[in-house]
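Here is how the chains run, residue by residue.
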Amino acid sequence: EDQVTQSPEALRLQEGESSSLNCSYTVSGLRGLFWYRQDPGKGPEFLFTLYSAGEEKEKERLKATLTKKESFLHITAPKPEDSATYLCAVQAGPGGYNKLIFGAGTRLAVHP
Amino acid sequence: DTAVSQTPKYLVTQMGNDKSIKCEQNLGHDTMYWYKQDSKKFLKIMFSYNNKELIINETVPNRFSPKSPDKAHLNLHINSLELGDSAVYFCASSQGTSGRMETQYFGPGTRLLVL
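Protein sequence lines correspond, in order, to chains A and B.
Going by the working numbering, the first residue of the first sequence is number 78, and it counts up by one from there.
Going by the working numbering, the first residue of the second sequence is number 184, and it counts up by one from there.
Just so you know, the hints here were simulated from the structure itself, not pulled from any lab data.
By construction, the Cβ of each residue, glycine as well, lies at the ideal position given by its N, Cα and C atoms.
Hints are supplied without guarantee of correctness; some may be wrong.
If you only want the chain A side, here are some residues facing chain B, beta carbon under 7 Å, derived [said to hold, decoys possible]:
| id | residue |
| --- | --- |
| 1 | P85 |
| 2 | F179 |
| 3 | A181 |
The calculated lysine-lysine pairs, modelled on BS3-like cross-linking and capped at a C-alpha distance of 27 Å, are [what the hints assert, rightly or not]:
| id | chain 1 | residue 1 | chain 2 | residue 2 |
| --- | --- | --- | --- | --- |
| 4 | A | K140 | B | K224 |
| 5 | B | K250 | A | K156 |
| 6 | B | K224 | A | K145 |
| 7 | B | K192 | A | K119 |
| 8 | B | K223 | A | K119 |
| 9 | A | K140 | B | K227 |
| 10 | B | K227 | A | K134 |
| 11 | B | K250 | A | K119 |
| 12 | A | K156 | B | K223 |
| 13 | A | K119 | B | K254 |
| 14 | B | K227 | A | K145 |
| 15 | B | K202 | A | K156 |
| 16 | B | K202 | A | K146 |
| 17 | B | K224 | A | K176 |
| 18 | B | K202 | A | K119 |
From just these sequences and the hints, can you work out the full model?
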């Protein structure tokens, strides 16, 4: 069964303290991996798509990387406004239907 | 301009009632989705429509019935509401269903509380 596991469940950082979030997956034929950010009371906001192992994407203080079994979201010198839940999702298997399988998310709190 | 919008934002109702949630997207996308986010924050897909045709139908009680009057709208009707239906329901849309993964854009969610 396709599965996505995110760790840690929660992470508390001081402003400027860099760290990484992990998303490990077991799927039958990865077709794409997505990172979303979700603020309390809001819908997920798209951050990155990664399609193949070795691929990297960057946006401001965030950098996403992908290997054959996991993805990392690196946060460099975070600020309090980076506090949110970060969701990882994969699409796998045959067919052209965009069924996303989500992990439970990592709740990030960045303190000044 | 709101890309994916949902109404209502909050819905509080009694067990046994029937309710509907509406979703509209102005992105010109062909595919729309309904997801459920439970108290543990897991997002799980329920349904997907492509050009008004149902293409994904996960294991969801048949009390839930999606309807797509056109490709910009996807509504969710829930009959005989139960306590376990309390959750946040998100609508999403994507360009299409090509072989490459299409980015899904989410609405703000509808918070349903069944008493």
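Evaluation of the provided hints:
1. P85: With Cβ-Cβ at 14 Å, over 7 Å, it is violated.
2. F179: Since the shortest Cβ distance to chain B is 4 Å, the answer is holds.
3. A181: holds, 6 Å
4. A:K140 <-> B:K224: Roughly 24 Å between the alpha carbons, so the hint for K140 of chain A and K224 of chain B holds.
5. B:K250 <-> A:K156: Violated, at roughly 42 Å.
6. B:K224 <-> A:K145: holds, 26 Å
7. B:K192 <-> A:K119: holds, 10 Å
8. B:K223 <-> A:K119: Holds: K223 of chain B and K119 of chain A sit about 15 Å apart, inside 27 Å.
9. A:K140 <-> B:K227: Given pair K140 of chain A, K227 of chain B holds - Cα atoms ~26 Å apart, limit 27 Å.
10. B:K227 <-> A:K134: Given pair K227 of chain B, K134 of chain A holds - Cα atoms ~26 Å apart, limit 27 Å.
11. B:K250 <-> A:K119: holds, 24 Å
12. A:K156 <-> B:K223: holds, 26 Å
13. A:K119 <-> B:K254: Holds. K119 of chain A to K254 of chain B sits at ~24 Å (cutoff 27 Å).
14. B:K227 <-> A:K145: holds, 23 Å
15. B:K202 <-> A:K156: violated, 41 Å
16. B:K202 <-> A:K146: Measuring from Cα to Cα gives roughly 42 Å; hence the hint is violated.
17. B:K224 <-> A:K176: holds, 18 Å
18. B:K202 <-> A:K119: holds, 21 Å
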